[in-house]
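Participant: Given these sequences and hints, build the entire structure.
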Amino acid sequence: GIQVEQSPPDLILQEGANSTLRCNFSDSVNNLQWFHQNPWGQLINLFYIPSGTKQNGRLSATTVATERYSLLYISSSQTTDSGVYFCAVSIGDDKIIFGKGTRLHILP
Amino acid sequence: NAGVMQNPRHLVRRRGQEARLRCSPMKGHSHVYWYRQLPEEGLKFMVYLQKENIIDESGMPKERFSAEFPKEGPSILRIQQVVRGDSAAYFCASSPPTDSYEQYFGPGTRLTVT
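Protein sequence lines correspond, in order, to chains A and B. Every number in my numbering is 94 more than the matching position in the first sequence, counting from 1. Every number in my numbering is 70 more than the matching position in the second sequence, counting from 1.
To be clear, the hints were calculated from the coordinates, so they are not data collected in a lab. Here a beta-carbon is modelled for each residue, glycine too, at the ideal position from N, C-alpha and C. If a hint is listed, it holds; no wrong ones were tucked in.
Pairwise CB distance ranges, derived in the manner of DEER restraints:
(1) B:140 / A:158: 33 to 43 Å
(2) A:169 / B:75: 30 to 40 Å
(3) A:108 / B:148: 38 to 48 Å
(4) A:152 / B:85: 38 to 48 Å
Here are the simulated DSSO-like pairs of lysine-lysine, each with C-alpha atoms no more than 30 Å apart in a straight line:
(5) B:114 / B:97
(6) A:148 / B:97
(7) B:132 / A:194
(8) A:194 / A:148
(9) B:141 / B:121
(10) B:132 / B:121
(11) B:114 / A:148
(12) B:114 / B:141
(13) B:114 / A:194
Facilitator: This is the structure in structure tokens:
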């Protein structure tokens with residue numbers, strides 16, 4: 095099955111810093127999503143980005159499908175950005191495979 | 071436009087009891103997925119259903135677990151004779167019957183087995 099690897103596993107930053115989270119996947123996919131799981135456990139959809147680049151406020155994402163990786167950029171970090179960021183991929187309309195996540199902690 | 075609804079949000083069961091978790095997909099969505107998240111881990115796929123059909127149950131434990139998505143009403147994930155190892159967060163997701171494969175997640179049900 096598809097393997098999804100995320101890096102770094104943990105990241106501690108000062109408020110206001112920028113960060114880049116990476117997701118590598120082992121096979122061609124037609125679905126790639128980034129999620130933020132907040133400290134209360136809720137999963138929030140950030141991007142649906144099987145290819146290309148998207149931006150939403152301080153967050154942006156780029157997926158290079160031919161090279162099998164995606165990047166999530168967070169600029170001017172805020173404490174509310176803390177939590178776990180998951181990358182998840184799938185082929186078709188079937189199950190999505192989650193990476194193990196990047197745990198982000200933003201210090202005030 | 072309400073999102074994916076799950077209830078209950080928290081459920082406590084004693085070993086040997088049954089747990090029933092409910093999921094109402096977003097309006098217009100006909101595909102439902104269940105995932106399980108153990109503490110400090112990522113989400114793992116359990117089952118994919120469309121109305122009255124189980125499409126993929128490759129992630130479901132062979133015993134005690136079952137799922138349904140009837141023609142009317144919510145999808146149900148049922149766990150019989152719960153054990154402590156079933157304690158986890160169970161998430162439901164839905165997606166529309168279109169070319170978009172984006173899945174939208176509910177708030178989850180946190181099951182604690184005592």
